[in-house]
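S.K.: Sequence:
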Amino acid sequence: MRHRTVAELMTRDVVRARRDLQFKEIVKLLAENDVTAVPVVDELDRPMGVVSEADLLRKSSDRGDPSGLTPIPHLEAWERAKAEGASAEELMSAPAVCARPEWTVVEAARLMEVQNVKRLPVVDETDKLLGIVSRGDLLRVFLRHDDAIREEINRDVLQQTMGLAPSAVTVEVRQGQVALSGSVEFKSLIPIIERLCLSVDGVVSVAEHIAYRIDDAPSSSTGV
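The sequence shown: position 33 = 33 (the working numbering), numbered continuously.
Below, simulated DSS-like cross-link-like pairs (lysine-lysine); rule was C-alpha separation at most 25 Å, straight line: (1) K118 - K128; (2) K24 - K118; (3) K28 - K118.
Computed Cβ-Cβ distance ranges for the label pairs, DEER-style: (4) D20 - L143: 36 to 42 Å; (5) D156 - D20: 48 to 54 Å; (6) Q160 - R18: 47 to 53 Å; (7) Q177 - R2: 17 to 23 Å.
If you are wondering where the hints come from, they were derived from the structure by calculation, not from laboratory data. Quick caveat, the model's predicted, so the values are computed rather than measured. Using N, Cα and C, we set each Cβ at its ideal position, and we do this for glycine too.
Turn these sequences into a full structure, and let the hints guide you.
M.R.: Next up, the structure:
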């Protein structure tokens, strides 16, 4: 099975900020390009960090409310340093959490989850910026047509990987939801088929109604 890579999904024309870009220029850069964050790069175009609207808003939150109704929030030392910063290098969240272009959607999504970030600069083997991939980009795999998903499951999962005859298992796909029916020789094959179908790009869920002829599960001695 072929998984979509970060290189296929990322934005290549990346809006970036140089490390010395000043606060107002960063705000202007975000507004003019209709983005909420940009990677901050050094002189060799290597990502140092990411500066986002959230980073910039710390400057506003650090100022008192003229009415005196809203207390100034407590900021940690690193947050206060950002609030007092003026350049992209001082304001950015660092270090940059980056992805490689050959990574799969799963690898990139897991890194986003672990690091709690919404986007990943994509770099080559020299750490030079190639693109940027966002959560929205990764979700594009779920826009695959049902026919393409069904064809991949039939060809790559059932026939090539599992070695099943085309008539053994019927695949129906609606809105990314896969329904499997038919029969196989061994009961132990069913969870393998289900797991492989779930790994196909664009699959939302899998429901199986597959019969078996031989129960080869070690914990059971009965079949259907």
